[in-house]
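*Asks:* Here's the letter readout for the chains.
There are 2 protein chains.
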Amino acid sequence: MQNVKVIIWGLGAMGSGMAEMLLGKKGVDIVGVVGRPDKEGKSMYDFLSIKRGNLPDVIIGSPEAVITEKAADVVLLCTDSFTAKAFERIQFILEKNINCITSAEEMSYPKAKEPELAKKIDEIARANGVSVLGTGINPGLIMDLLVITMTGCCKEVEHITSRRINSLSPFGPAVMEEQGIGITPESFRANVKTGELSGHVGFSESISMIADAIGWKLNDIKQSMEPIVTSVDRKSPYGFAKAGNVAGCAMKGYGYVDGDMKIEMDHPQQIEPEQVGVKTGDYVIIRGTPNINMINSPEVPGGIGTIAMCVNMIPQIINARPGLQTMITLPVPRAIMGDMRDMISEEAKIVK
Amino acid sequence: MQNVKVIIWGLGAMGSGMAEMLLGKKGVDIVGVVGRPDKEGKSMYDFLSIKRGNLPDVIIGSPEAVITEKAADVVLLCTDSFTAKAFERIQFILEKNINCITSAEEMSYPKAKEPELAKKIDEIARANGVSVLGTGINPGLIMDLLVITMTGCCKEVEHITSRRINSLSPFGPAVMEEQGIGITPESFRANVKTGELSGHVGFSESISMIADAIGWKLNDIKQSMEPIVTSVDRKSPYGFAKAGNVAGCAMKGYGYVDGDMKIEMDHPQQIEPEQVGVKTGDYVIIRGTPNINMINSPEVPGGIGTIAMCVNMIPQIINARPGLQTMITLPVPRAIMGDMRDMISEEAKIVK
Numbered sequence: 001m002q003n004v005k006v007i008i009w010g011l012g013a014m015g016s017g018m019a020e021m022l023l024g025k026k027g028v029d030i031v032g033v034v035g036r037p038d039k040e041g042k043s044m045y046d047f048l049s050i051k052r053g054n055l056p057d058v059i060i061g062s063p064e065a066v067i068t069e070k071a072a073d074v075v076l077l078c079t080d081s082f083t084a085k086a087f088e089r090i091q092f093i094l095e096k097n098i099n100c101i102t103s104a105e106e107m108s109y110p111k112a113k114e115p116e117l118a119k120k121i122d123e124i125a126r127a128n129g130v131s132v133l134g135t136g137i138n139p140g141l142i143m144d145l146l147v148i149t150m151t152g153c154c155k156e157v158e159h160i161t162s163r164r165i166n167s168l169s170p171f172g173p174a175v176m177e178e179q180g181i182g183i184t185p186e187s188f189r190a191n192v193k194t195g196e197l198s199g200h201v202g203f204s205e206s207i208s209m210i211a212d213a214i215g216w217k218l219n220d221i222k223q224s225m226e227p228i229v230t231s232v233d234r235k236s237p238y239g240f241a242k243a244g245n246v247a248g249c250a251m252k253g254y255g256y257v258d259g260d261m262k263i264e265m266d267h268p269q270q271i272e273p274e275q276v277g278v279k280t281g282d283y284v285i286i287r288g289t290p291n292i293n294m295i296n297s298p299e300v301p302g303g304i305g306t307i308a309m310c311v312n313m314i315p316q317i318i319n320a321r322p323g324l325q326t327m328i329t330l331p332v333p334r335a336i337m338g339d340m341r342d343m344i345s346e347e348a349k350i351v352k
Numbered sequence: 001m002q003n004v005k006v007i008i009w010g011l012g013a014m015g016s017g018m019a020e021m022l023l024g025k026k027g028v029d030i031v032g033v034v035g036r037p038d039k040e041g042k043s044m045y046d047f048l049s050i051k052r053g054n055l056p057d058v059i060i061g062s063p064e065a066v067i068t069e070k071a072a073d074v075v076l077l078c079t080d081s082f083t084a085k086a087f088e089r090i091q092f093i094l095e096k097n098i099n100c101i102t103s104a105e106e107m108s109y110p111k112a113k114e115p116e117l118a119k120k121i122d123e124i125a126r127a128n129g130v131s132v133l134g135t136g137i138n139p140g141l142i143m144d145l146l147v148i149t150m151t152g153c154c155k156e157v158e159h160i161t162s163r164r165i166n167s168l169s170p171f172g173p174a175v176m177e178e179q180g181i182g183i184t185p186e187s188f189r190a191n192v193k194t195g196e197l198s199g200h201v202g203f204s205e206s207i208s209m210i211a212d213a214i215g216w217k218l219n220d221i222k223q224s225m226e227p228i229v230t231s232v233d234r235k236s237p238y239g240f241a242k243a244g245n246v247a248g249c250a251m252k253g254y255g256y257v258d259g260d261m262k263i264e265m266d267h268p269q270q271i272e273p274e275q276v277g278v279k280t281g282d283y284v285i286i287r288g289t290p291n292i293n294m295i296n297s298p299e300v301p302g303g304i305g306t307i308a309m310c311v312n313m314i315p316q317i318i319n320a321r322p323g324l325q326t327m328i329t330l331p332v333p334r335a336i337m338g339d340m341r342d343m344i345s346e347e348a349k350i351v352k
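Quick mapping for you: the protein sequence lines, in order, are chains X and R.
Numbered by our numbering, the letters in the first sequence go through residues 1 to 352 in order.
Numbered by our numbering, the letters in the second sequence go through residues 1 to 352 in order.
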């Protein structure tokens, strides 16, 4: 069997991290990279500052030049958060008869916000005999798949709380801006109103995924977003919040079944939480038979986690039946410590 | 779609618990029960002391009388721990064109101890267009699937520790005997030598499942078994250990890759751990990128957990492709809080 062939579309922090991870794995080749026009023509290795060794060079190119009919087994698409924005790119990939994994948060469960597009994507994928998945650390694992898996040992589930208290310190300027780090609480509230501050994208997706998985029929989803105002100056590599200003963004989400709030999401994100004694961690709390009271502390870091999830799901999306897949329709993610080809079924491989 | 039709084979604590759980669920019927000859002819409802209401009676019968060609969508087989012992029963079920879920621990990954039988079972299942799965709380979730799922957010994995510290207090006389509760440390060691004490069955299966999932090639598996000697008298509903005698069984397991111990299983089980300040819990500790440090405390109780896992996997095994399946080839387990039929694909249903 030929090595698994991967194209990466988008060379931001996520796409670059996936490229680096893949270069350390066996049985898989990066055969193409799509970057913004200003990056086109450069070597991926130079761009990543990684020694090429004996490997053939990979030149960053346009989608049309790089993503051609069956040019790879999978494209990792890391350009967007929203399904509507990613849609045309996904269509472009699928119509070249290539599977697609995207880090776009809404694509983890596109039915939640974009049922029409989800249907279209499913149809396009089936028509072209390939499959597509949105995943990442969250949505994708921590606040949904992990919760669902733990309901698997429950006879009954009455209420679910999923909590992720994480540090934003490792993130770059884009995230600092999206989360309102350093601005005043007044600006924060004003920017929430205008929709300028996105905060975490994924509550509707995680809540819908959990509810659909266990058979709860949602009749409402609500969410709120509050500034985390710091009492001390906090400084991270790319962020600074003066005392009295915003050091983070506390989001809450609620899923209602028959008018009862059954699913609660609690996701405060901030820079330098340790400075004020906040212990980071991922929590799965299920009230049911039995109760579940699970903590992973410190939290799985968002960046590494998303990079790993997208790469580690490559075998599953190649092996999958054609169509739109989600984390609850595929076998569990797993690290790839051996030859990636050992995880791929021959008949499902695109580049034979 | 007709309700999902289930037959239960074996009315011990597990089978009885599954029957009770299923009677509380929507879209599913128990259409037959196989019990030991002394139970034959009795009503399942009388046996379980559950009111029948308007439901048709279910009379406990022999395998031949109850399990006939396509009589159900799935048989829950709860009679054995070992693949060799369960084999003929599994064959009997599959040859009646019915899917099978078994709580037999070795069947969670039969390839580990019985590669020949695993191959045969896979062939029989395929030949009959049905599928078969072994599952439970452990093996099945806590010390394997949950660990594997958490490696899914790791770029690299260097070492895995899976620890389950649980209470045996809820268990009955059979488990007290299997684990050596109340005997002297000398008898315990003697009975380990003769193989009379089985302790936990599942380390080879869990270790092999993890290694295969992430692509580590095992070259050895070792395990050890030591008495937990109590310093105080301990009494549980079905067990008693005098100070100086055995209150539990501490098992350890080790998986070696290229001579290095990469997977460590630590599973001390005892009655009344609270009495001596032992905090029970399930632990997933991964040394890798990133590290994972997850605790569920108290532990998922073994009995309820196994009952729930077997029942909750019913939709997955009906929907699965024909053959021998494992927890790493199927989508994740999940609670069933709605109508079970909503989770079943029409074309996969056996009783149309």
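Watch out, some of these pointers could steer you wrong.
Identical chains share a label here; the pair holds if one copy fits it or two copies do between them.
Once the Cα atoms are required to be at most 30 Å apart in a straight line, the calculated DSSO-like pairs of lysine-lysine come out as [what the hints assert, rightly or not]:
no.	residue 1	residue 2
1	Lys85	Lys252
2	Lys252	Lys39
3	Lys222	Lys26
4	Lys349	Lys120
5	Lys119	Lys349
6	Lys349	Lys217
7	Lys51	Lys120
8	Lys39	Lys26
9	Lys96	Lys222
10	Lys39	Lys119
11	Lys5	Lys217
12	Lys352	Lys5
13	Lys349	Lys96
14	Lys39	Lys5
15	Lys5	Lys235
16	Lys5	Lys85
17	Lys119	Lys26
18	Lys113	Lys26
Quick caveat, the hints were computed from the structure, so don't treat them as lab data.
*Asks:* Please write out, lowest number first, the hints stated earlier that are contradicted by the structure.
*Replies:* 2, 7, 9, 10, 15
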